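**Student:** What follows is the residue order along each chain.
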Amino acid sequence: MNQTRKPPLLDMEFWSVTLILTVISGLLMWGVVIFPIDQYLAEASSVSKDIDFIFRFMAFFGVPIMVYVIGYIVYFAWRYHTRKGDDLMAVGSDIHDQPALETAWTIIPSILMLILGVISYVVLPKYYMASAASVATIEVIGHKFYYEFRYPGLSQSVDNEMHLPVGKQVTIDLTSTEPDIQHAVIHSFWVPEFRVKQDMIPGMIVPIHITPTQIGTYRIICTEFCGLGHPDMVGKVVVESQADFDKWFADQRTAQAGAANQKPIAFTRGDAAAGGQTFAAKCTVCHGTGSFDMRKVGPGLGNLFHDPNHANLVTGKPANDADVADIIEHGATGDLGTMPNMQVNGLTDKDIANLVAYLESLHK
Amino acid sequence: MATHALQVSDAEYQEVRSHRLLGFLFFLISDSILFCSFIFSYLYDRSASPMWPPAGVERPGLYLAAVNSIVLFGSGVTMHLAMEAWRHANRTRFTQYIIATIVLGIGFLSGQAYEYTHLHDTWWGSVFGASFFTLTGMHGFHVFIGVCFLITVLLQARNGVYDQNRYFGLTAATLYWHFVDVIWVALFFLFYVY
Amino acid sequence: MSSAISELQQEASHAHIHPPPQGFIAKYVISFDHKVIAVQYFITAGLFFVLAGLLAELLRAQLTQPHNTLLSAQTFDEAYSIHGTAMVWLVIIPVLTGGFGNLAMPLMIGARDVAFPWLNMFSFWLFPPAGILVFLSFLYGAPRAGWTEYPPVSMETTGTALWCAGVFLIGVSSTITGINFMVTIIKMRAPGMTWTRMPLFVWATLVTAFLSAIATANLSAALAGLFNQKVFGVPFYDPAHGGSAVLWQHVFWFYSHPAVYIMILPAFGIISEILPTFVRRPIFGYKAIAYSSVAIGLVSFMVWAHHMFTSGLAQWVQLPFMILTMAVAIPTGIKIFSWVATLWRGKIRLSTPLLFTLGFLACFTFGGVTGVMLASVPADIHEHATYFVVAHLHYVLFGGSVFGIFAGLYYWWPKMTGRLLDERLGKWHFWTMFLAFNATFLPMHWLGLLGMQRRVSYYDSQFHSSDLLSFVAGTNLFVSISAFVLGASMLIFAYNALRSAKAGKVAGPNPWGARTLEWMTSSPPPYYNFAEIPIVLSGPYDYGKPLPYANISQDLATEPVA
Ligand code: HEA
Ligand code: HEA
Ligand code: CUA
Ligand SMILES: [Cu+2]
Numbered sequence: 071m072n073q074t075r076k077p078p079l080l081d082m083e084f085w086s087v088t089l090i091l092t093v094i095s096g097l098l099m100w101g102v103v104i105f106p107i108d109q110y111l112a113e114a115s116s117v118s119k120d121i122d123f124i125f126r127f128m129a130f131f132g133v134p135i136m137v138y139v140i141g142y143i144v145y146f147a148w149r150y151h152t153r154k155g156d157d158l159m160a161v162g163s164d165i166h167d168q169p170a171l172e173t174a175w176t177i178i179p180s181i182l183m184l185i186l187g188v189i190s191y192v193v194l195p196k197y198y199m200a201s202a203a204s205v206a207t208i209e210v211i212g213h214k215f216y217y218e219f220r221y222p223g224l225s226q227s228v229d230n231e232m233h234l235p236v237g238k239q240v241t242i243d244l245t246s247t248e249p250d251i252q253h254a255v256i257h258s259f260w261v262p263e264f265r266v267k268q269d270m271i272p273g274m275i276v277p278i279h280i281t282p283t284q285i286g287t288y289r290i291i292c293t294e295f296c297g298l299g300h301p302d303m304v305g306k307v308v309v310e311s312q313a314d315f316d317k318w319f320a321d322q323r324t325a326q327a328g329a330a331n332q333k334p335i336a337f338t339r340g341d342a343a344a345g346g347q348t349f350a351a352k353c354t355v356c357h358g359t360g361s362f363d364m365r366k367v368g369p370g371l372g373n374l375f376h377d378p379n380h381a382n383l384v385t386g387k388p389a390n391d392a393d394v395a396d397i398i399e400h401g402a403t404g405d406l407g408t409m410p411n412m413q414v415n416g417l418t419d420k421d422i423a424n425l426v427a428y429l430e431s432l433h434k
Numbered sequence: 042m043a044t045h046a047l048q049v050s051d052a053e054y055q056e057v058r059s060h061r062l063l064g065f066l067f068f069l070i071s072d073s074i075l076f077c078s079f080i081f082s083y084l085y086d087r088s089a090s091p092m093w094p095p096a097g098v099e100r101p102g103l104y105l106a107a108v109n110s111i112v113l114f115g116s117g118v119t120m121h122l123a124m125e126a127w128r129h130a131n132r133t134r135f136t137q138y139i140i141a142t143i144v145l146g147i148g149f150l151s152g153q154a155y156e157y158t159h160l161h162d163t164w165w166g167s168v169f170g171a172s173f174f175t176l177t178g179m180h181g182f183h184v185f186i187g188v189c190f191l192i193t194v195l196l197q198a199r200n201g202v203y204d205q206n207r208y209f210g211l212t213a214a215t216l217y218w219h220f221v222d223v224i225w226v227a228l229f230f231l232f233y234v235y
Numbered sequence: 006m007s008s009a010i011s012e013l014q015q016e017a018s019h020a021h022i023h024p025p026p027q028g029f030i031a032k033y034v035i036s037f038d039h040k041v042i043a044v045q046y047f048i049t050a051g052l053f054f055v056l057a058g059l060l061a062e063l064l065r066a067q068l069t070q071p072h073n074t075l076l077s078a079q080t081f082d083e084a085y086s087i088h089g090t091a092m093v094w095l096v097i098i099p100v101l102t103g104g105f106g107n108l109a110m111p112l113m114i115g116a117r118d119v120a121f122p123w124l125n126m127f128s129f130w131l132f133p134p135a136g137i138l139v140f141l142s143f144l145y146g147a148p149r150a151g152w153t154e155y156p157p158v159s160m161e162t163t164g165t166a167l168w169c170a171g172v173f174l175i176g177v178s179s180t181i182t183g184i185n186f187m188v189t190i191i192k193m194r195a196p197g198m199t200w201t202r203m204p205l206f207v208w209a210t211l212v213t214a215f216l217s218a219i220a221t222a223n224l225s226a227a228l229a230g231l232f233n234q235k236v237f238g239v240p241f242y243d244p245a246h247g248g249s250a251v252l253w254q255h256v257f258w259f260y261s262h263p264a265v266y267i268m269i270l271p272a273f274g275i276i277s278e279i280l281p282t283f284v285r286r287p288i289f290g291y292k293a294i295a296y297s298s299v300a301i302g303l304v305s306f307m308v309w310a311h312h313m314f315t316s317g318l319a320q321w322v323q324l325p326f327m328i329l330t331m332a333v334a335i336p337t338g339i340k341i342f343s344w345v346a347t348l349w350r351g352k353i354r355l356s357t358p359l360l361f362t363l364g365f366l367a368c369f370t371f372g373g374v375t376g377v378m379l380a381s382v383p384a385d386i387h388e389h390a391t392y393f394v395v396a397h398l399h400y401v402l403f404g405g406s407v408f409g410i411f412a413g414l415y416y417w418w419p420k421m422t423g424r425l426l427d428e429r430l431g432k433w434h435f436w437t438m439f440l441a442f443n444a445t446f447l448p449m450h451w452l453g454l455l456g457m458q459r460r461v462s463y464y465d466s467q468f469h470s471s472d473l474l475s476f477v478a479g480t481n482l483f484v485s486i487s488a489f490v491l492g493a494s495m496l497i498f499a500y501n502a503l504r505s506a507k508a509g510k511v512a513g514p515n516p517w518g519a520r521t522l523e524w525m526t527s528s529p530p531p532y533y534n535f536a537e538i539p540i541v542l543s544g545p546y547d548y549g550k551p552l553p554y555a556n557i558s559q560d561l562a563t564e565p566v567a
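Chains as they are written, first to last, in the numbering used here: chain D, 71 to 434; chain Z, 42 to 235; chain B, 6 to 567.
One thing to keep in mind: the hints can contain errors.
[To be verified] In the BS3-like style, the derived pairs of lysine-lysine whose C-alpha atoms are separated by at most 30 Å in a straight line are: (1) B:Lys510 x D:Lys154; (2) D:Lys154 x B:Lys432; (3) D:Lys154 x B:Lys507; (4) D:Lys119 x D:Lys196; (5) D:Lys387 x D:Lys317.
To be clear, the hints were calculated from the coordinates, so they are not data collected in a lab. Values in this document were obtained by computation on a predicted structure and should not be read as measured data.
Go ahead and model the full structure; you've got the sequences and the hints to work with.
**Tutor:** And the structure:
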């Protein structure tokens with residue numbers, strides 16, 4: 071009954087320090103909330119805001135973690151350190167376990183990580199899931215040390231400067247190649263203002279989806295080391311109104327019409343014999359020369375132009391030179407699988423013309 | 042050497058033996074990770090390829106490999122018998138079985154040499170060849186080391202390095218030989234069957 | 006009780022003392038003695054640290070201006086590649102495993118040496134040739150693709166072959182050390198030292214040894230593949246011949262992620278020893294700290310693809326890697342919080358080892374939190390391969406491992422040399438290093454977020470608005486100046502170390518009043534460590550209770566020298 075009460079383990083001073091730390095981290099967290107990210111780095115695509123939200127969320131809970139950890143370290147070190155004249159052999163508290171506390175600091179981070187995981191999980195698909203709204207597929211090919219853009223409807227590619235209409239979703243197919251595929255290396259496609267990045271890998275096509283939301287000119291940066299020219303590999307993406315975009319596109323068309331190689335690929339007559347060699351080298355991995363049903367990976371191509379049962383190509387278009395060339399150029403994805411494009415197969419425009427000629431010559 | 046088997050007390054020998062055995066087991070685990078890593082590479086390349094083996098590449102013949110496997114597994118049996126003979130203090134039997142194991146091991150290596158020289162595919166010719174020659178080559182190298190190991194063990198046994206209760210070198214050689222056998226099962230399945 | 010002791014006594018009497026080696030070579034060069042081997046590791050790795058650090062200073066000198074012409078692009082690329090390679094494989098891993106592991110672990114478990122002294126000697130002697138091979142590659146066109154050497158681009162340099170060979174050797178060395186340490190810890194603990202009486206540094210070393218023995222074999226395979234592709238054209242990673250460029254990334258990171266925990270767990274262990282010693286109270290949550298090391302070690306094998314979130318992995322592959330990566334924050338947090346709680350109500354002696362420990366806690370926690378920011382896939386898509394990653398990796402590797410290493414050096418220096426380092430110089434070293442470190446690497450975070458990618462020798466083309474460019478250039482200049490100060494702060498340590506040989510206070514066996522076994526013998530310890538194998542009766546951190554050892558002369562826990 072008369073026992074003197076032990077002083078509480080956590081005294082007033084401890085709680086005051088905790089309060090101060092709480093105020094500091096509260097202020098900093100508020101700072102995180104109102105920090106105008108877009109003034110430093112424009113939020114120019116539909117995912118930018120989501121990603122900045124994730125970032126803000128992480129900084130938001132990162133702040134109290136840092137403030138409390140550092141705050142208590144400094145406070146304990148100041149409060150409990152030995153001063154001149156203290157007995158150096160004295161020992162401190164012998165409390166070495168505190169199940170409630172330990173449970174708390176296991177569970178709180180777990181919950182935080184769970185929330186972060188869920189938010190990330192929700193945002194992630196926006197990169198990967200194409201919506202039906204995608205207006206076009208642009209192929210972007212990394213070279214040493216520039217970007218090549220291939221637009222549907224343009225027979226020639228555009229280098230280093232990409233144009234996009236604002237507010238429209240586009241699909242971007244990324245890959246990397248060189249005239250001699252032996253020398254192809256990994257590049258990367260990063261538009262900081264879009265918060266979008268994807269490696270460009272030889273032998274692989276990776277599609278991403280972008281909806282630019284702000285008119286402006288942004289940079290495209292290669293972040294994957296690709297050789298001595300790596301720092302030079304900077305492109306431009308111009309986001310403009312639909313009208314401006316259409317004008318640019320029309321200009322490209324006219325400009326290309328005047329260029330030397332004006333005919334779309336398919337209309338150049340190729341050499342069937344050379345095509346046969348290319349076919350043996352590059353296509354027989356997946357195609358035989360039997361009938362459509364004699365599949366390896368892709369369908370048999372022996373009857374391609376003359377098959378009454380399959381009058382239409384897998385693309386649904388009739389089998390004519392231009393559309394076959396189109397498949398060989400851009401590849402195809404359908405029920406039967408995925409056929410790689412010309413970059414991956416390592417074809418030149420001339421090869422395509424030859425291949426078309428060869429395929430045409432097959433069934434006689 | 043202070044740790045020479047015949048100069049230390051029994052208790053001390055048992056302790057040193059248990060250290061070596063554990064160390065050797067960890068070595069085998071580490072070694073199998075080496076194989077697993079290449080097997081992963083093989084399966085990865087395989088899954089990324091539209092057809093397997095890649096166009097223009099033929100799998101090496103099953104027949105020769107099957108015969109060779111029987112030779113190798115046979116050597117596992119003789120190895121086991123050799124150890125049994127040792128445990129029953131039957132030195133002549135032991136010597137005979139060890140020699141049989143060595144001969145079978147060399148037989149396996151010859152079979153592999155024959156196979157290598159009669160294939161069209163090369164190490165650098167395709168991804169299949171890359172994995173095939175790397176993995177079976179590594180395995181062959183292990184068999185080769187195993188044969189050397191066995192020859193050493195045989196000589197040491199004749200020179201009286203081991204006695205009836207102290208024969209860690211033998212134990213290690215047996216473990217190693219069986220380990221090499223087990224790896225072969227995986228490789229055989231991967232390259233000739235699956 | 007006494008019968009239990011006599012039982013243990015019997016167990017202890019097995020190990021007998023071998024005669025010490027004679028002659029210079031046997032004593033100091035081809036030495037089998039774990040303490041000498043530890044010093045060999047420290048000296049060799051120290052040399053590589055200076056070289057790799059000077060390379061870093063070259064990088065920073067180049068980056069003082071947006072388009073500097075001090076270094077050619079080629080020299081710059083070679084410099085950061087060898088800087089990263091050397092720091093990781095020739096400095097941090099050898100120092101933490103070969104150095105501290107050898108120095109402290111056998112003493113702490115009351116053993117006379119490691120299980121296989123000959124292998125220990127052999128592991129060490131693989132290390133100098135490995136380093137020489139890596140640096141020799143400069144003569145043949147050093148690799149340029151960073152310490153990660155992603156093919157195909159890494160195939161463009163001749164030095165890649167030498168690089169592979171060098172790293173392969175260090176990998177073999179690390180595997181052997183790992184096996185050796187595991188057997189030592191499992192089999193050779195002093196009688197009575199049960200698992201939960203093991204000092205925490207030994208726990209950390211055990212998990213590290215496990216990772217070294219398992220993961221490093223995989224590195225060897227990856228390097229053999231890369232070497233064969235470079236030298237013989239074997240197309241493992243060659244997309245032009247049916248291989249896959251991404252495959253290398255998988256096998257490389259399957260090793261290299263566990264490797265980052267090889268580089269931090271021993272530092273955790275060092276921290277766990279220093280804290281109770283200088284706070285003079287039992288460590289908070291002994292078991293939680295020990296088991297979370299094990300948890301980190303196990304999970305570390307399942308997170309490697311977080312380095313590859315932009316390499317075209319399918320979404321369903323990314324998700325588990327993201328979740329598991331985040332999960333690592335939980336056991337690590339348990340450790341951090343337990344350490345902070347250890348400070349509470351201690352009798353804290355703010356000596357240099359403790360200062361470095363507190364610096365470690367602050368910097369590593371920050372690096373860990375940015376690690377979690379990288380773990381979220383959508384965020385990583387923005388941050389990947391920028392200076393944000395460079396900042397993260399220096400916060401964990403420098404703020405974590407290097408601070409831990411210096412803490413350990415100040416702590417065990419007297420055990421190693423018999424003399425103390427100077428406290429005043431030590432404090433100067435700490436404060437300059439701590440401030441310069443943060444000034445160097447903190448700004449890199451926003452450089453990265455604003456669009457500065459890593460591995461570039463100039464950065465004027467990607468900041469097309471001149472406002473942004475001048476801001477970025479200013480920040481880089483500030484970073485570079487801080488980096489020079491950071492380098493200079495190392496000179497204080499070098500001076501302190503050299504000075505201590507002559508002017509250092511003689512330490513005595515136990516200058517800090519610590520309770521683990523390495524302090525229960527003279528400094529430096531005799532060749533055979535302990536005259537009699539000690540017997541352990543309870544855990545190592547019960548400050549205030551009598552020492553839990555038998556077979557030890559009790560007068561060894563002398564007055565500390567603050
Ligand atoms: C433990 C590992 C470690 C350590 C300690 C350091 C230390 C330092 N690092 Fe390092 N760094 C890495 C690991 C490490 N780094 C890795 C893995 C990479 C990635 C590489 C890649 O891209 O592949 C990297 C990349 C990297 C980059 C990015 C390169 C790029 O992407 O373009 C930069 C740039 O600033 C940098 C700077 C520094 C600096 C200034 C130090 C300083 O702290 C160094 C200070 C040390 C010294 C200077 C040595 C001591 C010197 C003396 C005692 C002599 C006195 C010297 C002077 C007065 C100058 N590092
Ligand atoms: C010592 C080395 C070390 C350590 C310990 C870590 C620890 C961690 N790392 Fe780091 N990392 C590197 C070294 C290291 N890393 C290197 C060298 C690279 C670059 C490689 C290259 O490309 O060159 C890299 C790159 C890297 C990436 C890839 C970035 C990219 O290239 O896109 C990622 C992504 O997930 C990552 C995540 C993490 C995480 C989640 C941890 C976690 O383990 C951190 C856990 C710790 C904490 C979280 C702090 C303490 C916890 C608390 C106080 C509890 C409360 C906290 C929360 C609730 C968040 N790291
Ligand atoms: Cu292209 Cu870097
Ligand atoms: Cu990692």
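**Student:** Keeping to a limit of 30 Å between CA atoms, is the pair of D:Lys119 and D:Lys196 held or broken?
**Tutor:** holds, 12 Å
**Student:** Would the pair D:Lys387 and D:Lys317 pass a check requiring their Cα atoms to be no farther apart than 30 Å?
**Tutor:** holds, 29 Å
**Student:** With the threshold set at 30 Å, check whether the alpha-carbon distance from D:Lys154 to B:Lys507 stays at or below it.
**Tutor:** Between D:Lys154 and B:Lys507 the Cα gap is close to 28 Å, so the pair holds against 30 Å.
**Student:** Take a quick look at whether B:Lys510 and D:Lys154 sit within 30 Å of each other, Cα to Cα.
**Tutor:** Holds, at roughly 20 Å.
**Student:** Is the hinted pair D:Lys154 and B:Lys432 satisfied, with a Cα-Cα distance of at most 30 Å?
**Tutor:** holds, 17 Å
In this structure, none of the earlier numbered hints is contradicted; all agree with it.
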